[in-house]
Structures are given as structure tokens and as C-alpha cells.
Amino acid sequence: MFEKVTDINILKKNIETSELALVYFGQPNCSVCHGLKPQIDTKLAEYKEEIRFFEVNTLEVPEVAGEFSVMTVPVVLLFVDGREYLRQARFVPVQNLYDQVKKTVEGLKESKTV
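The sequence shown: position 107 = 107 (the UniProt record's numbering), numbered continuously.
Source of the hints: derived by calculation from the structure; they are not laboratory data.
We put the beta carbon where it would ideally sit given N, CA and C, even for glycine.
One thing to keep in mind: the hints can contain errors.
Stated by the list, open to error - Pairwise CB distance ranges, derived in the manner of DEER restraints:
1) 113 - 84: 35 to 45 Å
2) 29 - 81: 28 to 38 Å
3) 49 - 100: 17 to 27 Å
4) 110 - 72: 10 to 20 Å
5) 110 - 60: 30 to 40 Å
6) 109 - 29: 37 to 47 Å
7) 59 - 38: 26 to 36 Å
8) 7 - 69: 14 to 24 Å
9) 110 - 63: 18 to 28 Å
10) 65 - 16: 15 to 25 Å
11) 90 - 113: 31 to 41 Å
12) 110 - 31: 19 to 29 Å
13) 50 - 9: 18 to 28 Å
As the list claims (entries may be wrong) - The calculated EDC-like cross-link candidates involving lysine to aspartate or glutamate, where the alpha carbons are at most 20 Å apart (straight line), are:
14) 13 - 60
15) 102 - 60
16) 12 - 67
Construct the entire structure; sequences and hints are all you get.
Structure, rendered in C-alpha cells:
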């Protein structure tokens, strides 16, 4: 579900051109990251049609730290129309993340039907 991104310019372009984009920042040596990503994958799978999912290894793309103010990992950012809408870092409560994503997706669907 997650597209791996190794170039900050590609990441920025994908965020700008997606109505909804969720970016997961992690590192291979992060035990919290190893536990969190599969949970997010499972919990948010129902939104794979509405949201573009990206994964960035901050060791491979260190410039993301400054560009997106990522000072720890894991960090999950949700972008709506290219703008940061939601940020959760370090110990991310997956149910809370799911609830916020669901509310955002439903709000966008509702605004299109009005």
C-alpha cells in the first residue's frame, strides 16, 4: 500500500498533486516504526482508493527533516490538497489516527456532494 519514496522532490510533487496523501517517515533501526507501520497498513487499508500512501526512510532522504520538520521517527503526516492537515509522531495511537483519517475522508466526500 505504501509507495517508497527516495527523492524529496518526487515526494513534494506527489503531495501537491494528491487530494489526500499520507506520508509515513521511519527508519530501519526504529523498533517503534517496525511495530507501527503494519498496524497503519492494516487499519487504513480501506482508504487505499481515496488516499495515496508514501513511505520515506529518513536515513535515505535526510533532507526531509528540515523540509517537513521531522525531528523524530516515526512521524505520520496527512496532507489535504497539498497542505499539512494532521501530524502524529513517535507513539501514534492507531485508532485515533484512523478516526481522524475517517473524519477527513468523509468530510471531503460530503463537501463534494453539497
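Verification of the hints:
no.	hint	result
1	113 - 84: 35 to 45 Å	25 Å, violated
2	29 - 81: 28 to 38 Å	34 Å, holds
3	49 - 100: 17 to 27 Å	18 Å, holds
4	110 - 72: 10 to 20 Å	34 Å, violated
5	110 - 60: 30 to 40 Å	38 Å, holds
6	109 - 29: 37 to 47 Å	39 Å, holds
7	59 - 38: 26 to 36 Å	20 Å, violated
8	7 - 69: 14 to 24 Å	19 Å, holds
9	110 - 63: 18 to 28 Å	37 Å, violated
10	65 - 16: 15 to 25 Å	20 Å, holds
11	90 - 113: 31 to 41 Å	37 Å, holds
12	110 - 31: 19 to 29 Å	39 Å, violated
13	50 - 9: 18 to 28 Å	25 Å, holds
14	13 - 60	18 Å, holds
15	102 - 60	31 Å, violated
16	12 - 67	10 Å, holds
The structure shown violates the earlier hints numbered 1, 4, 7, 9, 12, 15.
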